[in-house]
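Trainee: These are the residues of each chain, in order.
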Amino acid sequence: MNWSLIFSNAIYAAIGVQAIGFALAAMGLNIHFGYTGLLNFGQAGFLLIGAYSVAIPVTVWGWNLFVCLPFVVITASLFALLLGIPTLKLRSDYLAIVTIAAAEILRLLVSTPKWTSWSGGTDGINSFTDDFRNAVPNPSAQYKLWKQPFTGYDLWVMIFGWTLVALFALLTWALIRSPWGRVLRSIREDEDAARSLGKNVFSYKMISLVLGGVIGAFGGVVLAIGNQTANPITFRTELTFFAYAILVLGGVGKVKGPIIGAMIFWFVISFSQEFLKNITDEIGWRAPEWLITANNFPFVRFMIVGGGLALLVVFRPQGIFGNRKEQAFDVR
Amino acid sequence: MSAEPTSHEPAPRTPDAWIAQVPCEPGASKPDPILTATGVRRSFGGLTAVDVEHLEVQRNTITALIGPNGAGKTTFFNLLTGFDEVNEGAWSFDGTPMRDIAPHRTAKLGMVRTFQLTKSLTRLSVIENMRLGASRQKGERFWAAPFKPLWKAEEAANTARAEALLERFKLGHMRDEYAGSLSGGQRKLLEMARALMVEPSMIMLDEPMAGVNPALKQSLLDHIRSLKDEGRTVLFVEHDMDMVHEISDWVIVMAEGRIIAEGPPHVIGANQAVIDAYLGAHQNTDIGMSS
Numbered sequence: 000m001n002w003s004l005i006f007s008n009a010i011y012a013a014i015g016v017q018a019i020g021f022a023l024a025a026m027g028l029n030i031h032f033g034y035t036g037l038l039n040f041g042q043a044g045f046l047l048i049g050a051y052s053v054a055i056p057v058t059v060w061g062w063n064l065f066v067c068l069p070f071v072v073i074t075a076s077l078f079a080l081l082l083g084i085p086t087l088k089l090r091s092d093y094l095a096i097v098t099i100a101a102a103e104i105l106r107l108l109v110s111t112p113k114w115t116s117w118s119g120g121t122d123g124i125n126s127f128t129d130d131f132r133n134a135v136p137n138p139s140a141q142y143k144l145w146k147q148p149f150t151g152y153d154l155w156v157m158i159f160g161w162t163l164v165a166l167f168a169l170l171t172w173a174l175i176r177s178p179w180g181r182v183l184r185s186i187r188e189d190e191d192a193a194r195s196l197g198k199n200v201f202s203y204k205m206i207s208l209v210l211g212g213v214i215g216a217f218g219g220v221v222l223a224i225g226n227q228t229a230n231p232i233t234f235r236t237e238l239t240f241f242a243y244a245i246l247v248l249g250g251v252g253k254v255k256g257p258i259i260g261a262m263i264f265w266f267v268i269s270f271s272q273e274f275l276k277n278i279t280d281e282i283g284w285r286a287p288e289w290l291i292t293a294n295n296f297p298f299v300r301f302m303i304v305g306g307g308l309a310l311l312v313v314f315r316p317q318g319i320f321g322n323r324k325e326q327a328f329d330v331r
Numbered sequence: 000m001s002a003e004p005t006s007h008e009p010a011p012r013t014p015d016a017w018i019a020q021v022p023c024e025p026g027a028s029k030p031d032p033i034l035t036a037t038g039v040r041r042s043f044g045g046l047t048a049v050d051v052e053h054l055e056v057q058r059n060t061i062t063a064l065i066g067p068n069g070a071g072k073t074t075f076f077n078l079l080t081g082f083d084e085v086n087e088g089a090w091s092f093d094g095t096p097m098r099d100i101a102p103h104r105t106a107k108l109g110m111v112r113t114f115q116l117t118k119s120l121t122r123l124s125v126i127e128n129m130r131l132g133a134s135r136q137k138g139e140r141f142w143a144a145p146f147k148p149l150w151k152a153e154e155a156a157n158t159a160r161a162e163a164l165l166e167r168f169k170l171g172h173m174r175d176e177y178a179g180s181l182s183g184g185q186r187k188l189l190e191m192a193r194a195l196m197v198e199p200s201m202i203m204l205d206e207p208m209a210g211v212n213p214a215l216k217q218s219l220l221d222h223i224r225s226l227k228d229e230g231r232t233v234l235f236v237e238h239d240m241d242m243v244h245e246i247s248d249w250v251i252v253m254a255e256g257r258i259i260a261e262g263p264p265h266v267i268g269a270n271q272a273v274i275d276a277y278l279g280a281h282q283n284t285d286i287g288m289s290s
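So the sequence lines, in the order shown, correspond to chains A and B. Quick note on numbering: the first sequence equals residues 0 to 331 in numbering that gives the first Met the number 0. Quick note on numbering: the second sequence equals residues 0 to 290 in numbering that gives the first Met the number 0.
It is worth saying that the hints were derived from the structure and are not from the lab. Keep in mind that a hint or two might mislead.
[Claimed, not checked] Below 27 angstroms or equal to it, Euclidean Cα-Cα: the simulated DSSO-like pairs (lysine-lysine) are:
| id | chain 1 | residue 1 | chain 2 | residue 2 |
| --- | --- | --- | --- | --- |
| 1 | A | K255 | B | K151 |
| 2 | A | K143 | A | K324 |
| 3 | B | K107 | B | K137 |
| 4 | B | K216 | B | K169 |
| 5 | B | K147 | B | K107 |
| 6 | A | K255 | B | K107 |
| 7 | B | K147 | A | K88 |
| 8 | B | K227 | B | K169 |
| 9 | B | K169 | A | K324 |
| 10 | B | K227 | A | K88 |
| 11 | B | K107 | B | K227 |
| 12 | A | K276 | A | K146 |
| 13 | B | K227 | B | K216 |
| 14 | A | K324 | A | K276 |
| 15 | B | K137 | B | K151 |
Remember, it's a predicted structure, so these values are computed and weren't measured experimentally.
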């Protein structure tokens, strides 16, 4: 059993590109769901918008990658407006339906063969990160985190990503402690009460949807730059559900909840994956065929995570950082 | 506790002068109405829930809106405050035409309501509930919100006002508790106090006494009276007839969506149409079972 490799892999996963991308996705959901009570089940769509708002302008129009970053804010905001205008006046379930559908529509649009010259179809877009590579010092240097090797490029993606996480966390913290954040939380509790006190609920919900969407879109940017590909497979519906799992794990309605949640989530995923691989490869243990086939065995890691989440919901419903007392007064 | 302005309670209040000049009939016009509604109609499918031909509410009075269950009182409230849409009709508040106005705009104009089923924001603390009520906060604007120096002073002023109101409503000791931990009666008090943070000229209370224990009732009555003393207009829906008799200057009776009677409480109490509406015109016929 190669414990040092298993652990160094897992630690790297906890601070790596996946963790950053999902932390940003979950931070956006925290604005939507945790503070405003908006049920956005299409966060994957916002991440897709982020990834392709970098990849398409760079490859098709020849923009500089860094010029695309403000462009991401614009496209993600437009997507949020498109989703919000028809649904935010209705009950929250309508937003859930529309967002999950819209995210799938986007994914199918970028996968379609008809627009391969733009979006690369199912292969995605793979060569748009040169600007980033050229902007960082020694991208091809080799580093090691214990047993886990990584390059200078990876290092700078992580620095870029964690800087984004820190900036958005700071912004969220500053907004949520303000009277503006109080209005958001009052909408989560009871939007009619907020209305009766003179708050323009629709406009607050709209800004919340835009803000959380933009944060999520930058998660997509980090995933695309880090993995050096913008690929429709990354943005399947399960991305949204992983982000929700991360949010619940870390603690809904807490600024650090989704960040720590993402780190733990990817640590556990990587750890159980490598652990299972070690069992089969090194020790030679095989799960009985009637129970699970060898091909499916690696997916047992999701069972482990799922079981852990179920236990968490039973014994610590507020998540790791949530407030039990606050949770006890659930209005729904 | 003794600072509470309850001293006027034992002495019978002299009725306002305007009451003598107004005829006791549905739709009677008042000398100085703050709210005027004409032809307000709302139907749900075939059922006409509200059909108010004309109604005026006199400024700086306590007006009760009573009627049997299903009379359309709450629906009428919802229409007036923009929480429901009328089929036809028009009304004005303090001279401003109000039809098709969004609920949050009515609050900004100075007409604030409470709800029959209390809407305390359970996962916000009591003081946060109160602060939320304050109008036109700079800190509630997105661009100003992240920068605390821009709204710090305003927040402190709102907090001071909120604390004073909490003391007045005897909720001061609950300041930092979650609103969800309050009792039903305390939530009613909190909702009323929160509505006052808006500084409304008219406050509309939907069943303020429902679920409030008798010990708390008297102080709630005092609070409502003090609203009038501060120059506000109160319109409230209530089933508790003792309360209606005790504090209202004027009573409006609704039945089946219409206004069937108006007048000062002692007149209404003797009105045959009202008694019929409440007890049914065939009160002597045995219907075979009691509800």
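Trainee: Now tell me, hint by hint, if it's right for this structure.
Mentor: The hints, checked one at a time:
For the hint pairing K255 of chain A with K151 of chain B, the CA-to-CA distance comes to about 24 angstroms; that is within 27 angstroms, so the pair holds. Restraint check: the Cα-Cα separation between K143 of chain A and K324 of chain A comes to about 43 angstroms, which exceeds 27 angstroms; the hinted pair is violated. For the proposed pair K107 of chain B and K137 of chain B, the alpha carbon gap of about 15 angstroms is at most 27 angstroms, so the pair holds. Of the pairs offered as hints, the one joining K216 of chain B and K169 of chain B holds, with about 13 angstroms between alpha carbons and a cut-off of 27 angstroms not exceeded.
Annotation: proposed proximity of K147 of chain B to K107 of chain B holds, straight-line Cα distance about 24 angstroms (limit 27 angstroms). Taking the CA atoms of K255 of chain A and K107 of chain B, the gap is near 36 angstroms; set against the 27 angstroms cutoff, the hint is violated. Note on K147 of chain B and K88 of chain A: the hinted pairing is violated, with a Cα-Cα distance of about 30 angstroms set against a maximum of 27 angstroms. For the hint pairing K227 of chain B with K169 of chain B, the CA-to-CA distance comes to about 19 angstroms; that is within 27 angstroms, so the pair holds.
Between K169 of chain B and K324 of chain A the CA atoms are separated by roughly 23 angstroms; this keeps the pair inside 27 angstroms, and the hint holds. Restraint check for K227 of chain B and K88 of chain A: not satisfied, since their Cα atoms lie roughly 36 angstroms apart, outside the 27 angstroms limit. Proposed proximity of K107 of chain B and K227 of chain B is supported: the alpha carbons are some 20 angstroms apart, at most 27 angstroms. Restraint check for K276 of chain A and K146 of chain A: the C-alpha separation of about 17 angstroms stays at or below 27 angstroms, so the hint holds.
Among the hinted pairs, K227 of chain B with K216 of chain B is consistent with the structure: their alpha-carbon atoms are about 17 angstroms apart, no more than 27 angstroms. Proximity of K324 of chain A to K276 of chain A is assessed by CA-CA distance (about 41 angstroms); at most 27 angstroms being required, the pair is judged violated. About 10 angstroms separates the Cα atoms of K137 of chain B and K151 of chain B, which keeps this hinted pair within 27 angstroms; it holds.
In terms of the numbered hints stated before, the structure departs from hints 2, 6, 7, 10 and 14, listed from lowest to highest.
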